[in-house]
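Undergrad: Single-letter residue listing:
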Amino acid sequence: MRTIQQIQNEIIDEFDFFEDWSEKYQYLIDLGKNLPNFDNKSRIDSNLIKGCQSKVWLNSSFKNNTVIFEADSDAIISKGIISLLIRVFSGHRPEDILEAKIDFIEKIGLNTHLSQTRANGLLAMIKQIKIYALAYQSKR
Amino acid sequence: MRTIQQIQNEIIDEFDFFEDWSEKYQYLIDLGKNLPNFDNKSRIDSNLIKGCQSKVWLNSSFKNNTVIFEADSDAIISKGIISLLIRVFSGHRPEDILEAKIDFIEKIGLNTHLSQTRANGLLAMIKQIKIYALAYQSKR
Amino acid sequence: MFDVYKIREDFPILDRKVNNTDLVYFDNAATSQTPIQVIDAISDYYKKFNSNIHRGLHSLSADATSQYEESRTKVRKHFGVSENHEIIFTSGTTHGINIVSSGLQSILTQDDEIIISAMEHHSNIVPWQMLCEKTGATMKVIPIKNDGTLDIDEYKSMLNPKVKFVFVNHVSNTLGTINPIELIIELAHKNNSQVLIDGAQGAAHIKINLNELNVDYYVASAHKLCGPTGVGFLYGKSELLNSLPAYQGGGEMISNVTFEKTEYADLPHKFEAGTPNIAGVIAFGVALDYMNSIGFDNIENHEKELLDYATENLKKIDGIKIYGDNNQKISVISFNIGHHHPSDIGSILDQFGIAVRTGQHCTQPIMDFYKIPGTVRASFSFYNTKSEIDLFIEALIKASKMLG
Amino acid sequence: MFDVYKIREDFPILDRKVNNTDLVYFDNAATSQTPIQVIDAISDYYKKFNSNIHRGLHSLSADATSQYEESRTKVRKHFGVSENHEIIFTSGTTHGINIVSSGLQSILTQDDEIIISAMEHHSNIVPWQMLCEKTGATMKVIPIKNDGTLDIDEYKSMLNPKVKFVFVNHVSNTLGTINPIELIIELAHKNNSQVLIDGAQGAAHIKINLNELNVDYYVASAHKLCGPTGVGFLYGKSELLNSLPAYQGGGEMISNVTFEKTEYADLPHKFEAGTPNIAGVIAFGVALDYMNSIGFDNIENHEKELLDYATENLKKIDGIKIYGDNNQKISVISFNIGHHHPSDIGSILDQFGIAVRTGQHCTQPIMDFYKIPGTVRASFSFYNTKSEIDLFIEALIKASKMLG
Ligand SMILES: Cc1ncc(COP(=O)(O)O)c(C=O)c1O
Ligand SMILES: Cc1ncc(COP(=O)(O)O)c(C=O)c1O
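Chains as they are written, first to last, in the working numbering: chain A, 1 to 140; chain C, 1 to 140; chain R, 1 to 404; chain Z, 1 to 404.
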């Protein structure tokens, strides 16, 4: 299994191919579309992440000492973004998630193409991911 | 007896002699000093004119169909100013007071040497003088 | 002669680049842009006149005071009010509404009813909810019809002797609907109810005469009228303002203070506690001068043209739904395209340099009514152009294609 | 190196003529002057960034939001606060005090006591009187001693289990006295009382660390700190701010609105209803940067020099009486000469281009204590000079001679 850093580097390489913002956006939109929707019973308020303009739901489970993340959103670009986050974080051990430095967002230039509101949402997502990891770590 | 306008012209002539603001101020200060103080029983709140930073008391009586004004202030420049107003208005018939156009203040340049706060006080004094005149006129 | 390109020269921000393209600013309902005349008035104030007002005896303070009070005269005249002291300067619409709602705490009882509408901004909902919570009064809501207008028949049937107040906006910030406030006020007065009109959106687009309107209270914000942020005004009839208790305690609003008792100053000072936004108030006056120099007739005409042009072209877009598509509205268009989330559209438009607002626009009840998470809202001002609308439509079509 | 003449170049207004002579501005306690850096920040905002904040998705709104929030960080850091959300932007000191006093309405009872001091500004008296009227709580007043300091022994004896709150200013705007707030807070906390410090005057002259001070609430105004009018802040400990009910209802301060119920947003938004003074808040941050670039040590040193120089020379004037002549004060001097009315002195000084304040300075109880109608107040800032003080003393002597 690749490390969190390796996956981030992979994503950075992929984004290097894109010539302008519209290709990046198109990629995010496609990612968003490919991420399966939650069923209605997971689209519940307790899974909602505060601080996003669109609704973003995040769910997690703990298997074989690793945290599995699932997510959904009613906005497709948000969904694309969180699908990247899942790709980076899901399936890793809590301590690795907690220690991970997230640099791919800056390196793929996403931060400059996200408004403050969206960027805050992104921070909120990462924070929630880390909170889950912390919870599982301390439960063990 | 001279008219209100004649008295105003007199004052304008007097002020023409002054070379600068300090002479005008000195004159007002001297006028203020020469105006007798009220006794304490006239220094009452019901005689107070609202809108002045310093306290200005104005009293009136009605004799031989003319209005007699008396005034006092705890600030000497205000007292000087109101002594000019008394000179202009006191001893005239209510209707003359009500009709009078007050132009001497501008013509002696007092308005430019009075701050807004003082100028408002001056307006308040003139207003109160006219209110007294109106009261006597309607009482007849 | 109204020349939009000449007018645009007064607005430095319109030359700005956003994401490497020219800015197209269609978020005017959130805040209007500021002409150089107003910007210069603020600078000038701080460079030449800055001083605390009202009680100062020195020339600087006298100058600042007379400019501040002159601004009150400008607001009074512009809005057709007869008495200066009926204009209270506030920090904005929200502040103005809260002065009234707080004052009514000692007036309203649990037997009373108040009426608001289903298309109010949160600023014209929450203060009345808080008021009802504190007094036990009941809040009734005039429903909206599907075309984004108020259901006036329903309003009529809601009026009864218990209704003490009616709170409605002049123009909806989300739908653009111009409400029939003359009628609303007339019916309320026949019912002995008082009316507060939230003019945050109306004041910027429609010239009104408050005395003729015979409204009891009216509030607006300068920042939607080409003026600065942090300023607004509350108009109220003298006798009503006099009957309200003071809102904030502080300097300027009292005439006499001892530890035993305090006497409040006369209007307008009673409601202007503390050092006000002096520069802002003066600049607000300059903003009104500026808008009047262009002329509200011209403004209304040009904005109507933009509205019609945009509506016509938007309707050609596949899957578009406009909310509040009626013929009594200002140049505000709320819409969605297909099932695309408004924030997805907004994010892509932003990449094209086009600033629109997305979301609920502080009118969650409207969203609940249409059962949508939000809308994309484009709002035009007199300095916008048809060619900006062309860019907007083009970008929308591209966005819609990208989202698939 | 502190070079006052170099600093003066930053303040355009100091070049102004008043009554045909150079302006000498000694009314800094009423409002401070504004450096060009702050003026330019305001212009820049309107020329490049103007946009409504927080909920906007577009770049302009994002820029404005981050500048606004950056300003909060600047204020937080400058005042030694650990959490951004403990800084609430207000329209000024008066507004900040009223947020707290209004919130305490639901907390204070008729069995409670509150303590204020006899040297408070009306803004720190009237809201508490209104609060006591509404709740039935009792107000006690720490007396002043003849030298213009608080009677701390008396304060100690006033503390008892009923005392829930203590409201005292950091520095008296009339006397210049720096109150021993560390001690006042410590004694209050031992008594389980909370403390609000009115920092309107203190913040501009003394660098403080609110977390170390362990104060419960602190308020100040930007316009006394080289910033714009219409802005200030309220600091409060999180748990206390959370326990207060919301003050104004409106946009921004709620997270969810239906007609049945409204959920309030988290701090700081809960107390920042409506569109704030965005340009003003950003400029406030720039003003703090400016003052820090000069350095509060330098400011304190220079102002102390001015205070000592002026006091020494004033004392040579026949018949002068200085109120609050103690050795714990900032550069504020209140005085009278003989029996001359302060407004007579002020008017004549104004003719010499010298701006001082005269009257009660919104502290009527201090006037009642000294049994005077008011004072002449000269207040110096770091951009004032000794030669300005020379002009002032000269003019005072002439005025006194004229008044005879
Ligand atoms: C000690 C003190 N408190 C409160 C205030 C009120 O401040 P503002 O008018 O900015 O609200 C002042 C201003 O003069 C003051 O000096
Ligand atoms: C209809 C309406 N009411 C009230 C407000 C609140 O105005 P402010 O934020 O300036 O207080 C707004 C602003 O968006 C509005 O559009």
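If you are wondering where the hints come from, they were derived from the structure by calculation, not from laboratory data. As the structure is a prediction and not an experimental result, all values here were calculated from the model. Be aware that a few hints might be false.
Below 25 Å or equal to it, Euclidean Cα-Cα: the simulated BS3-like pairs (lysine-lysine) are [as the list claims (entries may be wrong)]: (1) Z:K398 - C:K55; (2) R:K145 - Z:K321; (3) A:K41 - R:K371; (4) C:K55 - Z:K401; (5) A:K55 - A:K139; (6) R:K261 - Z:K162; (7) C:K50 - C:K101; (8) Z:K134 - Z:K164; (9) Z:K371 - C:K33; (10) C:K41 - Z:K156; (11) R:K386 - Z:K134; (12) C:K41 - C:K63; (13) C:K50 - R:K237; (14) A:K127 - Z:K77; (15) R:K371 - Z:K261; (16) Z:K261 - R:K162; (17) C:K24 - Z:K398; (18) Z:K17 - R:K48; (19) A:K50 - Z:K237; (20) Z:K48 - A:K50; (21) A:K50 - R:K371; (22) C:K33 - Z:K261; (23) R:K401 - A:K33; (24) R:K304 - R:K145; (25) Z:K145 - R:K164; (26) R:K134 - Z:K261; (27) Z:K398 - R:K47; (28) A:K55 - R:K321; (29) R:K47 - Z:K6; (30) R:K74 - R:K47; (31) C:K55 - Z:K261; (32) C:K24 - Z:K261; (33) R:K261 - Z:K145; (34) Z:K207 - A:K55; (35) R:K261 - R:K77; (36) R:K134 - Z:K145.
Undergrad: Each hint needs a verdict: does it hold in this structure or not?
TA: Hints, one by one, checked against the model:
1. Z:K398 - C:K55: 24 Å, holds
2. R:K145 - Z:K321: Outside the cut-off at roughly 73 Å; violated.
3. A:K41 - R:K371: 20 Å, holds
4. C:K55 - Z:K401: Holds. K55 of chain C to K401 of chain Z sits at ~23 Å (cutoff 25 Å).
5. A:K55 - A:K139: Given that 25 Å is the threshold and the Cα spacing comes to 28 Å, the pair is violated.
6. R:K261 - Z:K162: Given pair K261 of chain R, K162 of chain Z holds - Cα atoms ~22 Å apart, limit 25 Å.
7. C:K50 - C:K101: It holds: about 22 Å lies between the C-alpha atoms, which stays within 25 Å.
8. Z:K134 - Z:K164: 16 Å, holds
9. Z:K371 - C:K33: At roughly 23 Å apart (the allowed maximum being 25 Å), K33 of chain C and K371 of chain Z satisfy the hint.
10. C:K41 - Z:K156: Not satisfied, since the Cα-Cα distance of roughly 43 Å exceeds 25 Å.
11. R:K386 - Z:K134: At roughly 57 Å apart (the allowed maximum being 25 Å), K134 of chain Z and K386 of chain R break the hint.
12. C:K41 - C:K63: 21 Å, holds
13. C:K50 - R:K237: 23 Å, holds
14. A:K127 - Z:K77: 24 Å, holds
15. R:K371 - Z:K261: 18 Å, holds
16. Z:K261 - R:K162: 22 Å, holds
17. C:K24 - Z:K398: 15 Å, holds
18. Z:K17 - R:K48: 9 Å, holds
19. A:K50 - Z:K237: Holds: K50 of chain A and K237 of chain Z sit about 23 Å apart, inside 25 Å.
20. Z:K48 - A:K50: Distance of about 30 Å is beyond 25 Å: violated.
21. A:K50 - R:K371: 21 Å, holds
22. C:K33 - Z:K261: 68 Å, violated
23. R:K401 - A:K33: 14 Å, holds
24. R:K304 - R:K145: Judged against 25 Å, a Cα distance of about 23 Å means the pair holds.
25. Z:K145 - R:K164: 52 Å, violated
26. R:K134 - Z:K261: Holds, because 14 Å separates the two Cα atoms, which is no more than 25 Å.
27. Z:K398 - R:K47: 30 Å, violated
28. A:K55 - R:K321: 21 Å, holds
29. R:K47 - Z:K6: Holds: K47 of chain R and K6 of chain Z sit about 17 Å apart, inside 25 Å.
30. R:K74 - R:K47: 22 Å, holds
31. C:K55 - Z:K261: 53 Å, violated
32. C:K24 - Z:K261: 67 Å, violated
33. R:K261 - Z:K145: Roughly 23 Å between the alpha carbons, so the hint for K261 of chain R and K145 of chain Z holds.
34. Z:K207 - A:K55: 44 Å, violated
35. R:K261 - R:K77: Roughly 36 Å between the alpha carbons, so the hint for K261 of chain R and K77 of chain R is violated.
36. R:K134 - Z:K145: 43 Å, violated
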